[in-house]
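Sequence order for the protein chains is A and B.
Quick note, in the working numbering, the first sequence goes up one by one and the last residue is 452.
Quick note, in the working numbering, the second sequence goes up one by one and the last residue is 452.
Treat the hints as calculated values from the structure; they're not laboratory data.
There may be inaccurate statements among the hints.
Since copy identity is lost for identical chains, a pair holds within one copy or between any two.
With a cut-off of at most 30 Å between alpha-carbon atoms, the simulated DSBU-like pairs for lysine-lysine come out as follows [stated by the list, open to error]:
(1) K51 x K74
(2) K74 x K144
(3) K109 x K39
(4) K341 x K277
(5) K271 x K77
(6) K341 x K281
(7) K72 x K166
(8) K281 x K74
Protein chains: 2
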Amino acid sequence: MNEYHGYDTYLEQNLDSSIRELSQLVAQPSVGAQDWGLKECATLVGQMLEKRGFAVRVLSTEGAPVVFAERKGKNDKTLLFYNHYDVQPPEPLELWESPPFEPDLRDGKLYGRGVSDDKGHIAARLFALDALLDSEGELPCNIKFVIEGEEETASVHLHQFVLENKALLAADACVWEFGGVNEEEIPIQYLGLRGICYVELSVESLSTDVHSGLGGSIFPNAAWRLTWALSTLKGQDERIRIPGFYDNVRPPSELDRELLAALPDIAQEYKSRYGVKEFIKGLTGGTELKVEEIFSPTCTICGLTSGYQGAGPKTVQPARASAKVDFRLIPDQTPAEVLEKLRTHLDAEGFSDVQIEFLGGEPPARTDPDAPFINIVVDTARDVYGVPMQKVPMTGGSGPNYPFVHDLGLPVATAGLGYPDSRVHAPNENIRLDLYLKHAKHMVRVIREFAK
Amino acid sequence: MNEYHGYDTYLEQNLDSSIRELSQLVAQPSVGAQDWGLKECATLVGQMLEKRGFAVRVLSTEGAPVVFAERKGKNDKTLLFYNHYDVQPPEPLELWESPPFEPDLRDGKLYGRGVSDDKGHIAARLFALDALLDSEGELPCNIKFVIEGEEETASVHLHQFVLENKALLAADACVWEFGGVNEEEIPIQYLGLRGICYVELSVESLSTDVHSGLGGSIFPNAAWRLTWALSTLKGQDERIRIPGFYDNVRPPSELDRELLAALPDIAQEYKSRYGVKEFIKGLTGGTELKVEEIFSPTCTICGLTSGYQGAGPKTVQPARASAKVDFRLIPDQTPAEVLEKLRTHLDAEGFSDVQIEFLGGEPPARTDPDAPFINIVVDTARDVYGVPMQKVPMTGGSGPNYPFVHDLGLPVATAGLGYPDSRVHAPNENIRLDLYLKHAKHMVRVIREFAK
Chain A
1 MNEYHGYDTY LEQNLDSSIR ELSQLVAQPS VGAQDWGLKE CATLVGQMLE
51 KRGFAVRVLS TEGAPVVFAE RKGKNDKTLL FYNHYDVQPP EPLELWESPP
101 FEPDLRDGKL YGRGVSDDKG HIAARLFALD ALLDSEGELP CNIKFVIEGE
151 EETASVHLHQ FVLENKALLA ADACVWEFGG VNEEEIPIQY LGLRGICYVE
201 LSVESLSTDV HSGLGGSIFP NAAWRLTWAL STLKGQDERI RIPGFYDNVR
251 PPSELDRELL AALPDIAQEY KSRYGVKEFI KGLTGGTELK VEEIFSPTCT
301 ICGLTSGYQG AGPKTVQPAR ASAKVDFRLI PDQTPAEVLE KLRTHLDAEG
351 FSDVQIEFLG GEPPARTDPD APFINIVVDT ARDVYGVPMQ KVPMTGGSGP
401 NYPFVHDLGL PVATAGLGYP DSRVHAPNEN IRLDLYLKHA KHMVRVIREF
451 AK
Chain B
1 MNEYHGYDTY LEQNLDSSIR ELSQLVAQPS VGAQDWGLKE CATLVGQMLE
51 KRGFAVRVLS TEGAPVVFAE RKGKNDKTLL FYNHYDVQPP EPLELWESPP
101 FEPDLRDGKL YGRGVSDDKG HIAARLFALD ALLDSEGELP CNIKFVIEGE
151 EETASVHLHQ FVLENKALLA ADACVWEFGG VNEEEIPIQY LGLRGICYVE
201 LSVESLSTDV HSGLGGSIFP NAAWRLTWAL STLKGQDERI RIPGFYDNVR
251 PPSELDRELL AALPDIAQEY KSRYGVKEFI KGLTGGTELK VEEIFSPTCT
301 ICGLTSGYQG AGPKTVQPAR ASAKVDFRLI PDQTPAEVLE KLRTHLDAEG
351 FSDVQIEFLG GEPPARTDPD APFINIVVDT ARDVYGVPMQ KVPMTGGSGP
401 NYPFVHDLGL PVATAGLGYP DSRVHAPNEN IRLDLYLKHA KHMVRVIREF
451 AK
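Just chain A, same shape as in the assembly (with noise of 0.2 Å):
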């Protein structure tokens, strides 16, 4: 496709301002859990689409408002970019190599707190449509961009605003915030996504901590009511314990397991990198480790805090404790349904003192693996990577692609710039150039091939 040479020549060429582009963005705080620079970064992704010729409006939500903006092209179809301006929390800092809001380039990667989920897609589909642009002073389709700030916080307000916006938002295809290569360099196409219900567990025994040495004979302890309720939702079997919860999981089709197959082995470098001395459920690698990996429900501990937790001993007896939990889901489990059971089975347990505040959902949604447009994303992929993009029936994690496959009906394509030590949500997230530069030649592939 030598078509294509102007284009990489223009990127190759101007990708030092696009990273100091990006490095403006990572700069802006934007931590949706702690409620710190979400209008600020909106603005600032504001600016960005303006700069290039987009009508952006910023339109307000009952939580973070979300950036839409819209520019004309040569042709009548529509391209459809979902991205979002928030990050994770940047905690634990100490862990941090450079302060996770001062972008920091070391050895071809550049490291900061959202540089990678998902600020650098943002940069980087920017800037192919400035080599887009530089080229032929237009765009070869209608580009839509839907970028909010409530991803990591679970989206919880995107659901109605997409269905309160569907004609704004209408467009024939989507590309997905993400997307990378795999340990063996390869493009992986992510055909879904895992639907996500994470609540804090919480209970409060006494009004206030006592001296260990009155209470621990006579007085309920919330950090063991906290404990004992815990351990009825998930056994060391793994098995998920809540009445119904499987019900609605449908396994993997023959398909799936062929396409997963197909992938390379996973196991010694999840071990490495990870430091998994052993996989649980007596798993060892092969396919069997892919298919639990993505079609297996999860019930996730985030987090958990009670008492004393300083340095050396502290002999209270705590009044509060509570723990941050996730469940993963699969088609056609939804949020709805396992807060209920999940209710209903702390009660029956004895633990109606648990409290549940539910801090988000989304339902799991895939897109069909042979739709044309998935199939122009795979195959624009092999100029770019060498490679086709390989792909994958569903990823682990979970997003808010339920109401662009089933509200406005769209494929769902991802392409990114990821990589397995990119360290999303973890202390020194960062993305390697070379990566960031193939994404945005992939992206003016995609675009023109598409609008043909």
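Assemble chain B onto chain A, guided by the hints.
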């Protein structure tokens, strides 16, 4: 006993200046768990004793120094006071109505960390000596003080210190660090202390925290491992499940039960003070509640820490999790025995990945309720409090009385300025000034009657 009129007048007239001295002592932080201000506090306590003509030695141990002080008196009898100058951590700071290390006098109460536990006792006892010295110019008997700096961190080095300094510490009787009145203003004589074994249990399942969308289905989760391990230690029926844990627990004697039955019912008081809705084990009050409070060994979760603990959701699978756990022990249990049984139990349950860090322990010990010195302390209370002390066979808390009872062979009596709302180990720790004065008056009587 009008022979005490002069002493009482002295104490009443000089209360303000004693409270000023106590305030200086409380203003000096001495948080053992945080290694904060211990040496400075030991020096300050030494100066307070030197001012009263004591020969003071600040003796080093492998941990915090021990302040030893001695002053000869009119006869050869020797009374030993055991106290400690270290205090509990002040956290959670936001719940204090005045800063923990800025003693604040409000409504007849002095607030500050350590004001009751145990600095108020040190100051009140020195105040009693002031009254004796003012009147007679000398002490009626030999007085020794041993004031350690590791009581709140389980007196790790005190047992060894006592064994190495048996001649120095030789005495005829011992007054313990604490004591006080109950809900009905009756002074209580605690005849023993439960033991303690304090551990931190920790699990490390990965080398780094991981996105919960990735790890939830296939990686071991430290928070789950900890939750499951804890849930094997004690069941919802409050029965501790470590094999052999109860083997060496001696049940209360008939006399123990009688002494407890004579005490006022505590159920309503506990419910209103600590917000207890229901006691555990089906207890409702009466003698059974009192027996259970004291004669039942415990396994208390004092703290839980893992993963994300901030506001809102964070989708992370934690690499580490830990719990602070204390066991209160009944004669003849020992910390070493519990540690060994705990390790064996965790291994047998498949939790060899759970690390045990021993943060300190003391065996339980009791004094004979009929010892003559106990009766001196009990009887002299009547003149100050209007009633004699009420004997309680043991208290729920722990302390290093074992070497004093079993190695020095001393009867150990308790007496003090505490009251049920002292909030020791909790925010807004405080003493009542009227009880401070009463304790000093009581000590004058104890010393003079003991010396007779």
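Hints versus structure:
1. K51 x K74: Classified as within; 19 Å inside a copy, 94 Å across copies.
2. K74 x K144: Within one copy, since 14 Å is at most 30 Å while 97 Å is not.
3. K109 x K39: For K109 and K39, only the intra-copy Cα distance (28 Å) is at most 30 Å; the inter-copy one is 49 Å.
4. K341 x K277: Result: close only across copies, 27 Å inter versus 33 Å intra.
5. K271 x K77: neither (45 Å within a copy, 70 Å between copies)
6. K341 x K281: So K341 and K281 pass the 30 Å test inside a copy (24 Å) and across (28 Å) alike.
7. K72 x K166: within (18 Å within a copy, 92 Å between copies)
8. K281 x K74: neither (54 Å within a copy, 76 Å between copies)
In this structure, the hints that do not hold are numbers 5, 8, in rising order.
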